[in-house]
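J.: Next come the chains, spelled out residue by residue.
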Amino acid sequence: MNLLSATSLKKTYKDYTAVRGVDFSLTSGKCIALIGPNGAGKTTILRILAGLLKPTEGKIRFSGQPANADLRKFIGYLPQYPVFPSWMTAKEFLIFSGELAYLSKKEAEERAEKLVEEVGIKDAWNKPIGGYSGGMKQRLGIAQAIIHSPKLLLLDEPVSSLDPIGRREVLTLLEKLKEEMTILFSTHILNDAEEVCDDLLLLHKGEIIEAGSILELRKKYQTSVIELEFQDNPEQYLEKLRALPSGTSSYLDRNTIKIPAADISKVRYEVLKAATEENWPLVEFHLNRASLEEMFMKAVKK
Amino acid sequence: MRQWKTLFKNEMVGHFRDRKWIWVPLVLILIAVMDPVMNYYLPQILDKVGGLPEGAVFQMPEFTGIDAIQMSISQLSSLGVLIIALISMGTIAGERKSGIAELILVKPVAYPAYILSKWAALLVLIIASYVLAMLFAWYYIGILYDTIPIGDFLVMTALYGLWLTLVLTVSIFYNTIFKSSGLVAFSTIATIILISVGSSLFGEKLSYSPSNISNHSFEFLHTGEISSSLIGSAVTTVIACLILLLLSIYIFRTKEHAG
Numbered sequence: 001m002n003l004l005s006a007t008s009l010k011k012t013y014k015d016y017t018a019v020r021g022v023d024f025s026l027t028s029g030k031c032i033a034l035i036g037p038n039g040a041g042k043t044t045i046l047r048i049l050a051g052l053l054k055p056t057e058g059k060i061r062f063s064g065q066p067a068n069a070d071l072r073k074f075i076g077y078l079p080q081y082p083v084f085p086s087w088m089t090a091k092e093f094l095i096f097s098g099e100l101a102y103l104s105k106k107e108a109e110e111r112a113e114k115l116v117e118e119v120g121i122k123d124a125w126n127k128p129i130g131g132y133s134g135g136m137k138q139r140l141g142i143a144q145a146i147i148h149s150p151k152l153l154l155l156d157e158p159v160s161s162l163d164p165i166g167r168r169e170v171l172t173l174l175e176k177l178k179e180e181m182t183i184l185f186s187t188h189i190l191n192d193a194e195e196v197c198d199d200l201l202l203l204h205k206g207e208i209i210e211a212g213s214i215l216e217l218r219k220k221y222q223t224s225v226i227e228l229e230f231q232d233n234p235e236q237y238l239e240k241l242r243a244l245p246s247g248t249s250s251y252l253d254r255n256t257i258k259i260p261a262a263d264i265s266k267v268r269y270e271v272l273k274a275a276t277e278e279n280w281p282l283v284e285f286h287l288n289r290a291s292l293e294e295m296f297m298k299a300v301k302k
Numbered sequence: 001m002r003q004w005k006t007l008f009k010n011e012m013v014g015h016f017r018d019r020k021w022i023w024v025p026l027v028l029i030l031i032a033v034m035d036p037v038m039n040y041y042l043p044q045i046l047d048k049v050g051g052l053p054e055g056a057v058f059q060m061p062e063f064t065g066i067d068a069i070q071m072s073i074s075q076l077s078s079l080g081v082l083i084i085a086l087i088s089m090g091t092i093a094g095e096r097k098s099g100i101a102e103l104i105l106v107k108p109v110a111y112p113a114y115i116l117s118k119w120a121a122l123l124v125l126i127i128a129s130y131v132l133a134m135l136f137a138w139y140y141i142g143i144l145y146d147t148i149p150i151g152d153f154l155v156m157t158a159l160y161g162l163w164l165t166l167v168l169t170v171s172i173f174y175n176t177i178f179k180s181s182g183l184v185a186f187s188t189i190a191t192i193i194l195i196s197v198g199s200s201l202f203g204e205k206l207s208y209s210p211s212n213i214s215n216h217s218f219e220f221l222h223t224g225e226i227s228s229s230l231i232g233s234a235v236t237t238v239i240a241c242l243i244l245l246l247l248s249i250y251i252f253r254t255k256e257h258a259g
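Here the protein sequences line up with chains C and E, keeping their order. Residue numbering for the first sequence is 1 to 302, as defined by the working numbering. Residue numbering for the second sequence is 1 to 259, as defined by the working numbering.
These are computed hints drawn from the structure, not numbers from a lab. Bear in mind the structure is a predicted one, so any value in this text is a computation, not a measurement. All clues stand as given, with none of them false.
Using 30 Å as the maximum straight-line C-alpha spacing, the simulated DSBU-like pairs for lysine-lysine come out as follows: (1) Lys255/E / Lys59/C; (2) Lys5/E / Lys127/C; (3) Lys255/E / Lys10/C; (4) Lys5/E / Lys54/C; (5) Lys219/C / Lys30/C; (6) Lys205/C / Lys97/E; (7) Lys114/C / Lys127/C; (8) Lys97/E / Lys91/C; (9) Lys179/E / Lys10/C; (10) Lys9/E / Lys106/C; (11) Lys151/C / Lys30/C; (12) Lys20/E / Lys91/C; (13) Lys301/C / Lys266/C; (14) Lys5/E / Lys73/C; (15) Lys179/E / Lys137/C; (16) Lys137/C / Lys9/E; (17) Lys5/E / Lys137/C; (18) Lys91/C / Lys5/E; (19) Lys54/C / Lys178/C; (20) Lys20/E / Lys105/C; (21) Lys255/E / Lys205/C; (22) Lys73/C / Lys255/E; (23) Lys258/C / Lys219/C; (24) Lys9/E / Lys151/C; (25) Lys54/C / Lys255/E; (26) Lys14/C / Lys179/E; (27) Lys9/E / Lys114/C; (28) Lys151/C / Lys255/E; (29) Lys30/C / Lys10/C; (30) Lys59/C / Lys179/E; (31) Lys14/C / Lys97/E; (32) Lys137/C / Lys73/C; (33) Lys220/C / Lys30/C.
Pairwise CB distance ranges (calculated): (34) Glu256/E / Glu293/C: 29 to 35 Å; (35) Lys255/E / Trp87/C: 21 to 27 Å; (36) Lys73/C / Phe202/E: 49 to 55 Å; (37) Lys176/C / Gly182/E: 41 to 47 Å.
Idealized CB from N, CA, C, for every residue including glycine.
Using the sequences and the hints given, assemble the complete structure.
T.: Quick look at the structure:
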């Protein structure tokens, strides 16, 4: 079931177009990653969904709501660089946020107490936010975004600014939140997306170039790469590999020769045959499945 | 209404932790009391700093209590307006620029509640400080000059308070337009100067101008009668405030709240 669908969503500024008429829908209960390089329009899309920016054109329909309704009470949002009133404590800010989202004072207090524990800032929750580290602010940011138990949680680069430990903790937290709400988060780190998400939206220059579940996309872009490393200068072997019927697109990446292969068994046979016959000084023969990154690069080039 | 209360309470706590509730009253008291006291002690001060040259004749004017309160009001009209512009210049603009507004406005906050809470919290701070400052001025003027009847004095204080309310409302209005606090303060002060200069240039025709409230209320202190011009300028001020608040809400609705 679609929780939200956007049709021909467009955002233009005076001199440039940030989002060029994209269509997408978010399936209820899934975790969706919005992936794209810097400047692809990820933040703009999230801000439009959060109601902070008005789309130049296009419609957003949330399940059970009229088109382009004010969706703020169903949505939790964490900006890329959340800024808090530094004089408030985390507790005060969470209760304040909760009350603004129509929780009663008591509900907001209970929810705040539960959330600070969940995101791991309980020790400091009575201290002014001004003294918080970046990681703590990010956690507080997540807590304030889910204080009113939104149906859709929008996170703008939630882990990019965190250290490895903080990153791991936030990803684990997202894994848990997935059970309660639909999550859309943007990232340019593909591993993070791979780890927690079910679906992907690939964004490039303001357009969605690919959308679907990770499994589907993996299948679609599945071409594997065979990597070869040699004891001596690999360049001489590159020529020989290119002469093989299935190795014509071989290329050199630093000291490794890479051979993209549609039919693995055929390439493997030819390569290993040549290697044995001519006694190549092979150090490594490695079969590499296409990573999300390569998939993305391919989709971009298409 | 509940949202407004939440926001208002939060603003008040913010002003309190900012120490605004300490320094704003203190500064306004200083501004209101300074001139009457200085003028009273002027002969002694002149004497202390070396006196006048031999043979110079210096006639000190005789000030009444009403003259003295005019001095206070004239200081409040310049320095006081500056203080109001300074404390209000970033109340919305600053939050929008820093990104705090992004976190607040992404919650289902009604825009009128947001703007009116900002306005009301500053209004309470400014009016409370101003009334306190006027009471101090009244007390010293009573000791140093002659006592102004407290009833008349309070009516006058309330009426001039409307003018200060307008100053704040103009600032809130510019807060919804600009993101730069400096620009907000500049525009506020420029607008107030324009109104004041305009009203004094075309005094006859613009008798109902908000900035004439002070002149009309001095007349009231002299005569004890509330003139139609006084009522007129008070009503204009209230209407101007209402229109500005409505415009602020309207403009804020059309603005984007991120990026």
